[in-house]
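**Q** The lines below spell out each chain.
Protein chains: 2
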Amino acid sequence: MAKKPYHHGSLRPALLAGAMELLEQKGAPSLSLREAARMAGVSQTAPYRHFAGKEALLAALAARGFEELTRALDEVAATGNAAETLHATGRAYVDFALARPQLFRLMFGPEIRDKSVFPETLEAAQGAYSRLTAAVEAYLASRRIHVKTPRVPAVTAWSLVHGLASLLIDNQITDMEEDGKNRLIDAVTGFFVTGG
Amino acid sequence: MAKKPYHHGSLRPALLAGAMELLEQKGAPSLSLREAARMAGVSQTAPYRHFAGKEALLAALAARGFEELTRALDEVAATGNAAETLHATGRAYVDFALARPQLFRLMFGPEIRDKSVFPETLEAAQGAYSRLTAAVEAYLASRRIHVKTPRVPAVTAWSLVHGLASLLIDNQITDMEEDGKNRLIDAVTGFFVTGG
DNA sequence: ACCTGAACACCGTTCAAGT
DNA sequence: ACCTGAACACCGTTCAAGT
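Those protein sequences? They're chains A and B, same order as listed. Here my numbering is used: the first residue of the first sequence is 11, the next is one more, and so on. Here my numbering is used: the first residue of the second sequence is 11, the next is one more, and so on.
Treat the hints loosely; a few may be bogus.
Which copy is meant is left open, so a pair is good if it fits within one copy or across any two.
Straight-line alpha carbon distances no greater than 25 angstroms define the calculated SDA-like cross-link-like pairs of lysine to any residue that follow [what the hints assert, rightly or not]:
no., residue 1, residue 2
1, Lys191, Arg161
2, Lys191, Val157
3, Lys191, Ile155
4, Lys191, Val203
5, Lys64, Glu121
6, Lys191, Ala148
7, Lys191, Pro120
8, Lys191, Gly205
9, Lys64, Leu21
10, Lys191, Glu147
Please keep in mind that the hints were generated in silico from the structure rather than gathered at the bench.
Construct the entire structure; sequences and hints are all you get.
**A** Okay, structure coming up:
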């Protein structure tokens, strides 16, 4: 039986855990610092000893999201030839968004105004981006395509999967059965490798 | 000199105008019904005679946004051959997002939970989508490409431009001069027609 | 038919004070 | 070093009352 000591002891991780739960339930805008504090059993102002404010807590959640996305992309890396790997990378990106829509929105949305203020978040985001870039560049190399600006194909592939993920989680693509939706995702994520 | 009569007379349009101004300044989450009421010179609760709540007001703003986007797409329709028109349509879509980022986010974001609750908004959204679909289908026809599910290429093209627009306005594509950014937009929006 | 005023249940954040 | 309590300036929304 915890006797509610004056000092929590590990409040920071407790706040993050509670906030992550609230995030998937209600989204970042409805997530409140006060409710996260209540879940951890501390006063409304206790979080300010561990986070500069709400945005800093959200940035910490986003960093965890980017790390999770990076792991998901790493899992499908080098599971086939370069074209198959690129397709699987795109599919994993979309699957991540569908599995954790609120976290995905937070990671890329405007709640965190400037990632450079939160180095941990910025670094984690760059880690995920580097996996995408690597898959695109490996694919281009395998097809002996030489480009002067590798950023263009990387952003093209990223736009394709990011756009599909966004449209899906924001319910812009409706009136489809689960089966048709899956084929659609395969077709769109495969477009970059199958060509126009 | 208006003598602040008890009845405003045209409060609904006045609220929409004020809210649209606030939207581009601070974004939908920070836009408050109370501030829009203050701008119109009425009490905090007056908006409830004209809108069911904040979401209904946002939905009305989003409907205007979709109408504006539709006009922008119509302006570039049939300005060249089918491939050029499709490319211009994509470019116009991204340009709209860059010109009105907060409105774009509102139109496609989670603030409006279910467009079918707001028929005006749903209809306006479908109008814009139909312009995109038309451009894609005209392009496919011009290249004599026959597909059984025209939705797949339509969603592919949409994902590409929607993803690029989202990444740009959410500041995910950084460290670029204006010139390189413009070339990037041209390359990505052109990818669907130039092929992989 | 349209608008106001007071009230309720919330927020994020600050600051002096407590252990 | 970490946490609390009271306070400030906000929200969205409801409801009885005013014109």
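**Q** Using 25 angstroms as the alpha carbon limit, work out where lysine 191 and valine 203 are close: within a copy, between copies, both or neither.
**A** Both, since 19 angstroms and 24 angstroms are each at most 25 angstroms.
**Q** From the Cα coordinates, with 25 angstroms as the cut-off, is the pair lysine 191 and alanine 148 best called within, between, both, or neither?
**A** Result: close only across copies, 24 angstroms inter versus 28 angstroms intra.
**Q** One pair to classify: lysine 191 and glutamate 147, alpha carbons no more than 25 angstroms apart. Within, between, both, or neither?
**A** between (28 angstroms within a copy, 20 angstroms between copies)
**Q** From the Cα coordinates, with 25 angstroms as the cut-off, is the pair lysine 64 and glutamate 121 best called within, between, both, or neither?
**A** Both: 10 angstroms inside a chain and 19 angstroms across chains, each within 25 angstroms.
**Q** I want to check one pair: lysine 191 and valine 157. Are their C-alpha atoms no more than 25 angstroms apart within a copy, between two copies, both, or neither?
**A** between (33 angstroms within a copy, 17 angstroms between copies)
**Q** Could you figure out if lysine 191 and glycine 205 sit no more than 25 angstroms apart (CA to CA) within one copy, between two copies, both or neither?
**A** both (20 angstroms within a copy, 24 angstroms between copies)
**Q** At 25 angstroms max between alpha carbons, let me know whether lysine 191 reaches arginine 161 within a copy, between copies, both or neither.
**A** Cα proximity of lysine 191 and arginine 161: across copies only (11 angstroms, versus 29 angstroms in one copy).
**Q** What label fits lysine 191 with isoleucine 155 when the C-alpha limit is 25 angstroms: within, between, both, or neither?
**A** Cα proximity of lysine 191 and isoleucine 155: across copies only (22 angstroms, versus 31 angstroms in one copy).
**Q** I want to check one pair: lysine 64 and leucine 21. Are their C-alpha atoms no more than 25 angstroms apart within a copy, between two copies, both, or neither?
**A** Close inside one copy (15 angstroms), not across copies (35 angstroms); limit 25 angstroms.
**Q** Taking 25 angstroms as the upper bound on the Cα-Cα distance, should lysine 191 and proline 120 be classified as within, between, both, or neither?
**A** between (28 angstroms within a copy, 20 angstroms between copies)
When held up to the earlier numbered hints, the structure conflicts with none and fits them all.
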